[in-house]
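Using the hints, position chain B against chain A.
There are 2 protein chains.
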Amino acid sequence: MTNKVKIAIDAMGGENSPDKILDGIEISLKTSKDNFFYLYGKEDLLKNKILKKKEISKFCEIINAEDVILDDESPLSGAKKSKKTSMWKAVESLKEKETDISLSAGNTGALLVISRVLLKTINGISKPALAALWPNQTNMNIVLDLGANIECNEKNLTDFACMGSALYKSLFSNNIPKIALLNVGLEEYKGNDILKKTFNILKENKMKNFDFKGYIEGNHIMDGDIDVVVTDGFTGNIALKTAEGTATFIQNNLKKSLNIFSMFFSYNSLKKFKDKLDPRKYNGAIFLGLQAPVVKSHGATDAIGFAHSINVCNKIVKANLIEKIETNLITVNA
Amino acid sequence: MTNKVKIAIDAMGGENSPDKILDGIEISLKTSKDNFFYLYGKEDLLKNKILKKKEISKFCEIINAEDVILDDESPLSGAKKSKKTSMWKAVESLKEKETDISLSAGNTGALLVISRVLLKTINGISKPALAALWPNQTNMNIVLDLGANIECNEKNLTDFACMGSALYKSLFSNNIPKIALLNVGLEEYKGNDILKKTFNILKENKMKNFDFKGYIEGNHIMDGDIDVVVTDGFTGNIALKTAEGTATFIQNNLKKSLNIFSMFFSYNSLKKFKDKLDPRKYNGAIFLGLQAPVVKSHGATDAIGFAHSINVCNKIVKANLIEKIETNLITVNA
Numbered sequence: 006m007t008n009k010v011k012i013a014i015d016a017m018g019g020e021n022s023p024d025k026i027l028d029g030i031e032i033s034l035k036t037s038k039d040n041f042f043y044l045y046g047k048e049d050l051l052k053n054k055i056l057k058k059k060e061i062s063k064f065c066e067i068i069n070a071e072d073v074i075l076d077d078e079s080p081l082s083g084a085k086k087s088k089k090t091s092m093w094k095a096v097e098s099l100k101e102k103e104t105d106i107s108l109s110a111g112n113t114g115a116l117l118v119i120s121r122v123l124l125k126t127i128n129g130i131s132k133p134a135l136a137a138l139w140p141n142q143t144n145m146n147i148v149l150d151l152g153a154n155i156e157c158n159e160k161n162l163t164d165f166a167c168m169g170s171a172l173y174k175s176l177f178s179n180n181i182p183k184i185a186l187l188n189v190g191l192e193e194y195k196g197n198d199i200l201k202k203t204f205n206i207l208k209e210n211k212m213k214n215f216d217f218k219g220y221i222e223g224n225h226i227m228d229g230d231i232d233v234v235v236t237d238g239f240t241g242n243i244a245l246k247t248a249e250g251t252a253t254f255i256q257n258n259l260k261k262s263l264n265i266f267s268m269f270f271s272y273n274s275l276k277k278f279k280d281k282l283d284p285r286k287y288n289g290a291i292f293l294g295l296q297a298p299v300v301k302s303h304g305a306t307d308a309i310g311f312a313h314s315i316n317v318c319n320k321i322v323k324a325n326l327i328e329k330i331e332t333n334l335i336t337v338n339a
Numbered sequence: 006m007t008n009k010v011k012i013a014i015d016a017m018g019g020e021n022s023p024d025k026i027l028d029g030i031e032i033s034l035k036t037s038k039d040n041f042f043y044l045y046g047k048e049d050l051l052k053n054k055i056l057k058k059k060e061i062s063k064f065c066e067i068i069n070a071e072d073v074i075l076d077d078e079s080p081l082s083g084a085k086k087s088k089k090t091s092m093w094k095a096v097e098s099l100k101e102k103e104t105d106i107s108l109s110a111g112n113t114g115a116l117l118v119i120s121r122v123l124l125k126t127i128n129g130i131s132k133p134a135l136a137a138l139w140p141n142q143t144n145m146n147i148v149l150d151l152g153a154n155i156e157c158n159e160k161n162l163t164d165f166a167c168m169g170s171a172l173y174k175s176l177f178s179n180n181i182p183k184i185a186l187l188n189v190g191l192e193e194y195k196g197n198d199i200l201k202k203t204f205n206i207l208k209e210n211k212m213k214n215f216d217f218k219g220y221i222e223g224n225h226i227m228d229g230d231i232d233v234v235v236t237d238g239f240t241g242n243i244a245l246k247t248a249e250g251t252a253t254f255i256q257n258n259l260k261k262s263l264n265i266f267s268m269f270f271s272y273n274s275l276k277k278f279k280d281k282l283d284p285r286k287y288n289g290a291i292f293l294g295l296q297a298p299v300v301k302s303h304g305a306t307d308a309i310g311f312a313h314s315i316n317v318c319n320k321i322v323k324a325n326l327i328e329k330i331e332t333n334l335i336t337v338n339a
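In order, the protein sequence lines correspond to chains A and B.
Going left to right, the first sequence walks through residues 6 to 339 as this note's numbering numbers them.
Going left to right, the second sequence walks through residues 6 to 339 as this note's numbering numbers them.
So here's chain A without its partners, still in its complex pose:
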């Protein structure tokens, strides 16, 4: 067990929990036995459920947490609620280094607040950021911040570039990531003052940890030419949700247009199409900049989506993400 990745899971957060959490663990164990799960939640309930899933019980330890933060609670009320919640206890275990990484499908706002309260930021980082995975024509890229910080200055955006490139290396490839700033045009004079200042910092610094490619516009995020897209949390949140809304809109229209006959003949093609775009594969936003990694699984995802988040957690710990971020920051500040 000592060599396994120790994942602290808020077993009560998100729709259909804890069932989807336990099913997700079961799915992940089919491909890897490399993780050990600390399940925070109502002990009796979890024990009963696990009795029926004997094959996962030897990879899990249950830690009782009497209370649960609801998905629709305000972040502050949720965070204040009590230190007895499953989310609080899961994150707290990182502080004592009992676990390596924490994973929750619960209330995003509360998770950000609790993580900020319990965990210190990495030396030099003032604002942690939420990063997500986006599908693109070749594989996936990372976009950050997605809503942790509504307003950001050039120092914050520069930090995001360092953290995002460390995450990209941890998850996908050890090649030097290509980074760009999200803007309304490609020319240097475009955008607001903060973007222009960040552009100059990233351009002037002879970075070796990432390759700064200038600005990127919204219509090119998914082209696959850029690995890490940096933006403030307001813009990133709008971009992410607009992309989600557009995908839903198009897929609904496609469904409406297909009759039973054409659906029958296109079954395999459509399945391939859906598989490629399956949002469960891109499930898992990562809260970066704290001294331990915290991963947010989508509240509405199912067991397969949750299993993908477990896989993301494993990669992050194995790749020493926090160390990679620290190294990147030293280079920037030097």
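Rather than coming from a laboratory, the hints here were simulated on the basis of the structure.
Treat the hints with care, as some may be off.
Put simply, identical chains are the same to the list, so a pair is met inside one copy or across any two.
In silico lysine-lysine, DSBU-like type, Cα no more than 30 Å apart, as pairs [said to hold, decoys possible]:
no., residue 1, residue 2
1, Lys195, Lys88
2, Lys160, Lys202
3, Lys38, Lys260
4, Lys86, Lys195
5, Lys88, Lys54
6, Lys54, Lys102
7, Lys261, Lys183
8, Lys38, Lys195
9, Lys195, Lys89
10, Lys100, Lys183
For chain B alone, kept in the frame of chain A given last:
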């Protein structure tokens, strides 16, 4: 001719101009003979082309303009270039009230600068805004600003709400439009200070020209519940382009997934799907807040897309958009 809508067209702007412009006029004349076109551009060239299209010649007058603003020129260099350009002359005709509305598929930035230089703003408006049409589950809605103003205060956003609702009424329906502010969440405490101030202005004012529905998130822009989505030009530009990029990404993946066999059997369904989402139908951004309306057709659109823009121009003039905006503003400022 006196009762026709007089459209001043920059015949040289955009890809494949002037051919697509003339073809677009030809297409529009098949459904309506309600417009008269003033074509600004190289006289000899246009005359030669029109000789081959006799059926459109009685609906057109050519006005010579020696110079052309290139699509990739910087807005300022384009605008400064000369008063002899087709774009400048087309917009200038509005100033003298020789024409009712101006339409260009050329350089967007230059069109905004030229329009601001030549035309006064509507009394009470300090920042004109660029509005676009978005497809949604039921029909179309309007989003503004899309990039004319990178930074906006609460007064600007309130003006955008008034102008957007006037445009919605002009194009689609005389019902009271439902308006919302684009934000990262629905709760009143979400977003930045300017959004909160705008929220309070729109909430406190007992508007009769539109129905304020609070905040909207990016994933609901296309649901069809909101008619006018208000945002600053930076956020609107990122949202629009991200939606475009997502649509392209999904359609490319769909194409890749379909084999010839399934394409054959799904031909009609896919055609219906493509028709519904055809971007040419949503072609035409409208520059609002000036004392005359200026419409921007997408530079890369074809003749069918340009014909759609002509149709938008006709509706705007027939519905007295400028008067509608003035009425809305009086109500807000009262």
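Evaluation of the provided hints:
In this homomeric assembly, Lys195 and Lys88 come within 30 Å of each other (Cα to Cα) only across copies, at 25 Å, whereas the closest approach inside a single copy is 47 Å. Proximity of Lys160 and Lys202 under a CA criterion of 30 Å is satisfied in both settings, with 9 Å inside one chain copy and 27 Å between copies. For the homomeric pair Lys38 and Lys260, neither the shortest alpha-carbon distance inside one copy (38 Å) nor that between copies (38 Å) is at most 30 Å. In this homomeric assembly, Lys86 and Lys195 come within 30 Å of each other (Cα to Cα) only across copies, at 20 Å, whereas the closest approach inside a single copy is 44 Å.
Taking identical chains as interchangeable, the C-alpha atoms of Lys88 and Lys54 lie at most 30 Å apart only when both belong to the same chain, with a minimum of 24 Å there against 77 Å between chains. Taking CA atoms no more than 30 Å apart as the test, Lys54 paired with Lys102 passes inside one copy only; the shortest distance there is 27 Å, against 77 Å between copies. In this assembly of identical chains, Lys261 and Lys183 lie within 30 Å of each other by CA distance solely across copies; the values are 26 Å between and 39 Å within a copy. Within a single copy, Lys38 and Lys195 get their C-alpha atoms no closer than 50 Å, and across copies no closer than 41 Å, so neither meets the 30 Å cut-off.
In this assembly of identical chains, Lys195 and Lys89 lie within 30 Å of each other by CA distance solely across copies; the values are 27 Å between and 49 Å within a copy. In this homomeric assembly, Lys100 and Lys183 never come within 30 Å of each other (Cα to Cα): the closest approach is 33 Å inside a single copy and 48 Å across copies.
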